[in-house]
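Chemist: Single-letter residue listing:
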Amino acid sequence: MVSAAKLRKAQDAIIQIRPYAEKLHEILINLVAQNGSSDFENKYADHPEVKRILIVAITSNRGLCGGFNANVVKMIEELINSVYAPFRQKGVIDILAIGKKGADGLKSKNIAVSGTIHQLYDKLQYSSAEEIAQGLMDAYSRGEYDRIDLVYNQFKNAAIQKLTVEQFLPVKLEGTKHSESSVHKYINNYIFEPNVHDIMSTVIPRSLKIQFYKAILDSVASEHGARMTAMHKATDNASELVRELNLQYNKARQSAITGEILEIVSGANALKSS
Amino acid sequence: MYLEIITPEKKLFAGEIELVKLPGTGGSFEVLMNHAATISTLMAGKIKVKEFNGKLSYFDIQGGVVEVVNNSIIILVDTAGLV
Numbered sequence: 001m002v003s004a005a006k007l008r009k010a011q012d013a014i015i016q017i018r019p020y021a022e023k024l025h026e027i028l029i030n031l032v033a034q035n036g037s038s039d040f041e042n043k044y045a046d047h048p049e050v051k052r053i054l055i056v057a058i059t060s061n062r063g064l065c066g067g068f069n070a071n072v073v074k075m076i077e078e079l080i081n082s083v084y085a086p087f088r089q090k091g092v093i094d095i096l097a098i099g100k101k102g103a104d105g106l107k108s109k110n111i112a113v114s115g116t117i118h119q120l121y122d123k124l125q126y127s128s129a130e131e132i133a134q135g136l137m138d139a140y141s142r143g144e145y146d147r148i149d150l151v152y153n154q155f156k157n158a159a160i161q162k163l164t165v166e167q168f169l170p171v172k173l174e175g176t177k178h179s180e181s182s183v184h185k186y187i188n189n190y191i192f193e194p195n196v197h198d199i200m201s202t203v204i205p206r207s208l209k210i211q212f213y214k215a216i217l218d219s220v221a222s223e224h225g226a227r228m229t230a231m232h233k234a235t236d237n238a239s240e241l242v243r244e245l246n247l248q249y250n251k252a253r254q255s256a257i258t259g260e261i262l263e264i265v266s267g268a269n270a271l272k273s274s
Numbered sequence: 001m002y003l004e005i006i007t008p009e010k011k012l013f014a015g016e017i018e019l020v021k022l023p024g025t026g027g028s029f030e031v032l033m034n035h036a037a038t039i040s041t042l043m044a045g046k047i048k049v050k051e052f053n054g055k056l057s058y059f060d061i062q063g064g065v066v067e068v069v070n071n072s073i074i075i076l077v078d079t080a081g082l083v
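Residue numbers (this note's numbering), protein chains in the order written: chain A, 1 to 274; chain B, 1 to 83.
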């Protein structure tokens with residue numbers, strides 16, 4: 001039950017990050033509610049034309065966890081053959097694989113992987129995830145990519161993982177606008193120090209990094225959940241096999257014994273009658 | 001008033017306090033009871049916390065964001081250590 005212990009740890013990490021993420025989101029809502037996102041310039045906003053796409057495949061380094069990694073690979077294959085098909089023909093889709101299994105899976109489907117990061121899981125902490133996120137954000141703001149998507153397993157509970165395709169960049173501020181009711185709740189006459197733009201330009205990258213870190217944590221927790229389920233199924237399957245084999249063995253034994261008894265009895269009968 | 005200091009990995013501090021001093025981007029400032037609602041960014045520096053029993057604690061931070069509203073203060077920092 002090693003995965004069970006690891007799952008607990010991963011779950012705790014998600015619970016830890018939640019208040020941070022929620023508060024940050026709330027602050028962002030406040031800022032957007034009071035100033036509107038449309039006039040706000042930021043380097044993570046939409047690029048006018050989408051020329052190059054990066055897909056980040058978040059999988060695990062280890063296997064034996066059911067469809068966990070295969071699902072991500074399948075989803076990417078589907079994605080680049082449907083929505084992003086025109087981009088694929090032009091060869092402007094790059095795939096970054098985080099996790100060995102994802103990289104292997106994609107390679108076996110003849111999908112080129114342009115970069116891999118495997119060492120992230122060795123000692124997972126915010127600072128290392130932040131570095132990768134910063135790298136992605138820099139690449140985006142330099143114009144190397146015009147859209148970055150994350151594909152990962154979202155953690156629902158130990159038994160359920162939800163495969164998710166999430167837009168990482170350009171940043172989505174509109175999503176925060178919809179929740180009108182929550183906006184009203186938070187409207188206060190805030191003093192912004194030093195000013196709204198400076199705050200926005202530190203809060204947005206921060207929230208992006210948190211989004212990325214959360215995706216990684218989700219994926220790690222899902223991995224352990226999926227492995228637990230897979231191992232449990234394997235155990236069930238093995239015990240079923242053992243039961244069947246046992247039955248077969250007993251049947252064979254019984255018929256052998258019956259045969260032997262018949263032989264003796266008929267032998268004795270033959271002696272008696274003679 | 002209530003103070004929480006949160007990093008993405010853990011909660012560093014939570015509790016009732018008398019005073020907190022923060023390294024704001026626009027200059028260092030203190031927050032006392034009934035402070036006006038404020039959102040501010042923080043730069044690298046030290047956070048000083050004074051609890052009601054007079055106990056002082058210091059946290060080293062590398063930057064963050066603070067929200068003050070209705071006598072509840074929430075500080076979001078990337079990484080921090082108790083000094």
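Derived from the structure by calculation, the hints contain no laboratory data.
Take the hints with a grain of salt, since some may be wrong.
Computed, partial: chain B to chain A, Cβ under 8 Å [what the hints assert, rightly or not]: (1) I6; (2) E9; (3) G24; (4) S28; (5) L32; (6) N34.
Beta carbons are placed, not taken as given, at the ideal position from N, Cα and C, and that holds for glycine.
Chemist: Hint S28/B vs chain A: min CB-CB distance below 8 Å?
Modeler: violated (11 Å)
Chemist: Given a cut of 8 Å on the nearest C-beta pair, is the interface hint for L32/B held or broken against chain A?
Modeler: L32/B check fails; min Cβ-Cβ to chain A is 15 Å, beyond 8 Å.
Chemist: Was the hint right that N34/B lines chain A, CB cutoff 8 Å?
Modeler: violated (14 Å)
Chemist: Using the nearest Cβ pair, does I6/B come within less than 8 Å of chain A?
Modeler: holds (5 Å)
Chemist: So, as I understand it, the hint says E9/B touches chain A; can you test that by seeing if any CB pair is closer than 8 Å?
Modeler: holds (5 Å)
Chemist: If you take the shortest Cβ to Cβ gap from G24/B to chain A, is it below 8 Å?
Modeler: For G24/B, the interface hint holds, since the closest Cβ of chain A sits about 6 Å away, which is under 8 Å.
In summary, the structure is inconsistent with hints 4, 5, 6 from the numbered list given earlier, while agreeing with the others.
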